[in-house]
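Novice: As a plain string of letters, each chain reads:
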Amino acid sequence: MITLKNFWQFITDTLRIILKGDRLYYAWVGFLVLLIAIGAAAYLGQLNSGLIVTKMRDQVSWGFYIGNFTFLVGVAAAAIMLVIPAYIYDWEPIKEITILGEMLAISALIMCLGFVMVDIGRPDRFWHIIPLVGRLNWPQSMLAWDVIVLNLYLLLNWFVVTYLLFCAYTERHYVKKLVLPLVLLSIPMAVSIHTVTAYLYNGLAARPFWNSAILAPRFLASAFCSGPAILLILLQILRKTTKLSIKDEAIFKVAELMAYTMGFNLFLTAAEAFKELYSGTEHMVYFQYLLFGLKGHTTLVPYAWASILCGLAAFILFLVPRTRTNWVTLNIGCVLIYASVYIEKGMGLIIPGLTPDVLGDIYVYRPSFTEIAVAAGIFATGFLVFTLMLKAAVPMMLGEFTISKGQPPQEAPPQNV
Amino acid sequence: MTDPKPITPPESCGDSGCGTRREFLGAATAAMAAALTGCGTLSKEEFLQHNFRELSKQEVQDVIARLEKEYKAKYGKDVKVANTPAIPGVIFGYALDLSRCIGCRRCVHACVKENNQSRDPEVQWIRVLQMDKEEGVNLQHADQYYNPEEVPQEGHFYMPVQCQQCKKPPCTKVCPVGATWREKDGIVVVDYNWCIGCRYCMAACPYGARHFNWGEPNLPADQVNTNTHYLGNRPRPKGVVEKCTFCIQRTRNGQYPACVEICPTGSRKFGNLLDKDSEIRYVLENKRVFKFKEDLNTQPNFFYFYGV
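Going down the list, the sequences are from chains A and B.
Going by the working numbering, the final residue of the first sequence carries number 417, and the count climbs one at a time with no gaps.
Going by the working numbering, the final residue of the second sequence carries number 308, and the count climbs one at a time with no gaps.
If you are wondering where the hints come from, they were derived from the structure by calculation, not from laboratory data.
Just so you know, not all the hints are guaranteed correct.
[Stated by the list, open to error] These stretches of chain A come out as covered by chain B in the derived footprint (C-beta under 8 Å, 3 or more residues):
#, region
1, 46 to 52
2, 55 to 63
3, 115 to 124
4, 132 to 141
5, 202 to 208
6, 212 to 226
[What the hints assert, rightly or not] Each computed DSBU-like pair below joins lysine-lysine, with the alpha-carbon atoms no more than 30 Å apart:
#, chain 1, residue 1, chain 2, residue 2
7, B, Lys238, A, Lys55
8, A, Lys295, B, Lys133
9, A, Lys275, B, Lys168
10, B, Lys291, A, Lys275
11, B, Lys77, B, Lys133
12, A, Lys55, B, Lys293
13, A, Lys55, B, Lys113
14, A, Lys295, B, Lys291
15, B, Lys173, A, Lys55
All C-beta atoms in this analysis are idealised placements derived from N, C-alpha and C, irrespective of residue type, glycine included.
Put together the whole structure using the sequences plus the hints.
Specialist: In structure tokens form, the structure reads like this:
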């Protein structure tokens, strides 16, 4: 009973803490809410008219929504991977890094589920995919698998974060026997959500661009580049704006590990490109469309090369110890690799998979205004969730905000991103 | 894995199981969903309707009565929605003579008329590819948008593509909710009231046979074909996938599909693969046939051949 009462107070105090903030905080939250409103308005229009307001058609039946979904599954998976080096190298703020990674994963997963919801033609029938209530075509359909693993992963992360914060809030030590197995479980779960998402495409023999055995490894390798990139920037911001202490060497170690995964990611991409272009079968056309254009259609070409060049540049910046330990070049590298993977695992994966279509037709897809507005709304929702969680979590992690203190300290209010 | 399942399993989900589930979901949810999706007309019954294969005989009758009422209100016509099951001992097969087809696209339009497709934008279940004679069947040299004064064009041949009614359909395998399946007579069908519109099947189909209702299907009342089948040509809602069903509403009553009937060159052959004396078996016996994209092992019941 006492726990329940404490938990209720934990919820109300959390709500109170996220409602209070400085001007910058309100401005940021207001900006996100505005984006969400724009996205919601665009989505209402889409509900009314149908998906015809997007630029997707029968030839390119998935587009911007599913591209973003795929990229964000990678972010959700990779956020957890930072937990591994934290444990291996026994970094001081292990708990904090774990909580941050899991909160990032939760936000990314909320965006993933949002992108799936806006992509389906009959959202009123969402209950058809709920196990036992509807009729889930499991184990045959990879999408059924994906629904299960994504939701389990979301639950797992949500539970661990809530539990750790609740313990911090009630000034108790968390039960290590409970948390450690769950955190360790979240690591193979992270690998599995991205693998299953890769298999979603991988299993389609009709689409040679996706039907490659190294698709899942490529997914994982690229996710291990982009996910930590977000966290590296986040850790720097947090230690500047809050009392959270994160050692330089922890950040540089992550950067070093990223250099290896980037190299591996480039190698896998090269291996795929070599196989397709050198053997030169008719399956080459999808790579041609992506890298060089086909029959005069070159929409993707600048993006594809931008992705490759950004990936190469980031790899060099992270490989050379001097640029890896320089804050300016390190952060440039983070932005470059993030951009590179966003293109590669978003539109660069979905569109050439569907173009030319199965009957050789080339339909040039570019997202419509509605698609961009809806996507902005979903990204804003994810950022908002993350901001609010961070707002409450940081003072709790630092022990500044607990059940006995009740109030955040007046003298040093936590700043926000 | 993709064995056809009975359309109406004996009371597999009679009153007990689904009834409580339905009550659990409740009418309030239906109203909320209707408001959320902007489908003001979404009724509680429609919202709560279960997968067609799980409905009892009585429930199927109720659903059909409801649909016929809806169509009457919408089109002012008595649309008959049949539920004719597969005929025992029949597996339908199709063969198309590439040396006869002249690319006139009469099949395309007969199909649209027969199957109540949206007219604007027009959904076409048959796509006719114009190929270069020098290239043979090469999709990188295929043109779907040919539009000359007269067909056939010099140096070209024509290859109509529609659902190949695979024995191992990749589309039914990937559907996350089991809204599409292969019937006992080999026809791959969609439950338009169960499909969630995720379009995974469209990504999986190697033949571009699946089409999505991107907007509200636009079917003028005077063009509605009132002879329909639940799993076939009944008018579809927006946001769901549809496909060729070998004109299930005709073929299960012993008629030819509309495309076979209209073809002016006799390029299209249709019949029962299990009947030794059928025309389709004659073609398989006496002509050299091939299957489109054979390497994908989808095992179509749709064959192409060169008749002359």
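Novice: Hint by hint, say whether it matches the structure.
Specialist: Hint-by-hint comparison with the structure:
no., hint, in the structure
1, 46 to 52, "holds (count 6)"
2, 55 to 63, "holds (count 6)"
3, 115 to 124, "holds (count 7)"
4, 132 to 141, "holds (count 7)"
5, 202 to 208, "holds (count 5)"
6, 212 to 226, "violated (count 0)"
7, B:Lys238 / A:Lys55, "holds (16 Å)"
8, A:Lys295 / B:Lys133, "holds (20 Å)"
9, A:Lys275 / B:Lys168, "holds (29 Å)"
10, B:Lys291 / A:Lys275, "holds (27 Å)"
11, B:Lys77 / B:Lys133, "violated (47 Å)"
12, A:Lys55 / B:Lys293, "holds (28 Å)"
13, A:Lys55 / B:Lys113, "holds (27 Å)"
14, A:Lys295 / B:Lys291, "holds (28 Å)"
15, B:Lys173 / A:Lys55, "holds (27 Å)"
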